[in-house]
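All chains should be modelled from the sequences, with the hints used to inform the complete structure.
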Amino acid sequence: MIDLRLLRDNPDVVRASQVARGDDPDLVDAALDADARRRSSLSEFENLRAEQKSLGKQVAKAQGDEKQALLARTKQLAQDVKSHQATAAEAEQELERVLYSIANVIEGAPAGGEEDFVELKQVGERRDFAAEGFEPKDHLELGEGLRAIDTKRGAKVSGARFYFLTGIGARLELALLNMAMDQAVQEGFTPMITPTLVKPETMQGTGFLGAHADEVYRLEKDDLYLVGTSEVALAGYHSDEIVDLSDGPMRYAGWSACYRREAGSAGRDTRGIIRVHQFHKVEMFSYCAPEDAEAEHQRLLGWEETMMAKVELPYRVIDTAAGDLGSSAARKFDCEAWLPTQERWLELTSTSNCTTFQARRLGVRVRTEDGSTRNVATLNGTLGTTRWIVALLENHQQADGSVYVPEALRPYLGGLELLEPTK
RNA sequence: GGAGACGUCGCAUAGUCAGGUCUAGUGCGCCACCCUGCUAAGGUGGUAACGGGGCAACCCGUUCGAGGGUUCAAAUCCCUCCGUCUCCGCCA
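Residue 374 in my numbering is what sits at position 353 of the first sequence, and the numbering runs on without skipping anything.
If you're looking for bench data, these hints aren't it; they were derived computationally from the structure.
Since this is a predicted model, take the numbers as computed values, not measurements.
A few of these clues could be false.
Label-pair ranges, simulated between beta-carbon atoms [said to hold, decoys possible]:
id, residue 1, residue 2, range
1, V80, V40, 50 to 60 angstroms
2, G288, K177, 35 to 45 angstroms
3, G134, S104, 38 to 48 angstroms
4, Q143, A316, 15 to 25 angstroms
5, V34, A110, 27 to 37 angstroms
6, K74, E136, 53 to 63 angstroms
Under the rule of at most 25 angstroms between Cα atoms (straight-line distance), these lysine-lysine pairs were calculated in the BS3-like manner [to be verified]:
id, residue 1, residue 2
7, K158, K173
8, K88, K78
9, K142, K173
10, K242, K220
Positions of the beta carbon are idealized from the N, C-alpha and C atoms, including for glycine.
Here is the structure:
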């Protein structure tokens, strides 16, 4: 939820953000109207309520005829209070509805849609398979050769976009995620294994029920949502709390399964495990002071790049355009690895600065020096996912179908230097 | 799944049976000051969040797990839901 005070004091800033995202700037005026209506209806209700309370005290003390006279007055007043309360509640709901439809105010993100990102840098050498004298295989062919990935049986058991990781494939995912978790712990993150089913208010609070609500699985019978990332649970972890940031940011590394309906991506990335309904992820999550958020964002990006270096993949970093940001994000950087068989970049990490947007809805605050409270900033970033296997297999494949294991990963695979096809 | 107990402003509790003086009391903790050679002890005062109004002192409203209801009036009575604990059943 955006800051109502910002909306009142600087509506043009919010309008400009809406335009940059390709969203409707008129929502700003709708919100201002709703806010004005809410305030006037609220003060009418509050005045009536104050009168009702003071009369109530007189009723308690009064006797006989005097009491009867007061009761006659208060009965009518009770009706008025009730109706004005209902009006005020409606106005409040209307304001909330409009506020939730406004995405976070962007901070530095380039304007435009998915194609309007800015490439910040490229790191590492892309392999020249022609020069090496062989045609690269795609990750599924390699994965099947290694008996590491089984999409046929995934589909048999659970349907399209499901898979089994088998044998060395399962070990490879555990290795990647354990390496990610170890790095996070070394950097001072608190490791967390999080719930993957959450309540509606948690899902709503993190901003995932906005424009992309179709992406989210819902369990109708229990009124619970399956999370698409442990970010949801980690953001909800300190909801309705006043936290202590006097020792700097609070950092958590969440390990979880992630579930996505992929409703809008029919026909895209249907082969292999690039785009699937369930995968696993290690996610960094920070709570920090708003003025420290931009620097923290750079730190999270730095830790992502450290992981990219450990798996020895060529990648680039992009500054995502406003229209391609999630509703909670003010700015987002992605690390994309090169995918040789498709000759394109594939998103492996994504780090978002959500400023105070999530914390406001979730009620995460810090105590200020003057004794009041204010919302914290929240940030998140990927440290490893199942999808990394795709880039790792393709980039490190050898002519015979075996796959080179990056040095940093070897301790997590019992010292294995090469993944080889099993017979 | 069945039975019961419980949920109060950091923590612990009073208040709920008998609705109005609850503007939610008290203890602990915390903060400030006093006392003191230092510390401990002691004394005094202050200590929930959110919203509205005001330059401000301050005023008003909402919140006693959540949401409804009864009533002139609800922490207190009724209903639904959520959570915690104890016991039983079932299953890893």
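Checked hints:
1. Against the hinted window of 50 to 60 angstroms, the Cβ-Cβ separation of V80 and V40 comes to about 56 angstroms, which satisfies the hint.
2. Distance hint check for G288 and K177: the Cβ-Cβ separation is about 21 angstroms, which falls outside the suggested range of 35 to 45 angstroms.
3. For G134 paired with S104, a C-beta distance near 47 angstroms keeps the hint of 38 to 48 angstroms intact.
4. Against the hinted window of 15 to 25 angstroms, the Cβ-Cβ separation of Q143 and A316 comes to about 24 angstroms, which satisfies the hint.
5. V34 and A110 have their C-beta atoms about 30 angstroms apart, which keeps the hinted 27 to 37 angstroms range intact.
6. A hinted range of 53 to 63 angstroms for the beta carbons of K74 and E136 is consistent with their spacing of about 60 angstroms.
7. For the hint pairing K158 with K173, the CA-to-CA distance comes to about 18 angstroms; that is within 25 angstroms, so the pair holds.
8. A distance of roughly 11 angstroms separates the Cα atoms of K88 and K78; the hinted pair therefore holds under the 25 angstroms criterion.
9. The suggested pairing of K142 with K173 is violated, with an alpha-carbon distance near 38 angstroms, which exceeds 25 angstroms.
10. Taken as a hint, the K242 and K220 pair is honoured in the structure, with Cα atoms around 12 angstroms apart against an allowance of 25 angstroms.
Of the hints listed earlier, those the structure fails to meet are numbers 2, 9, in rising order.
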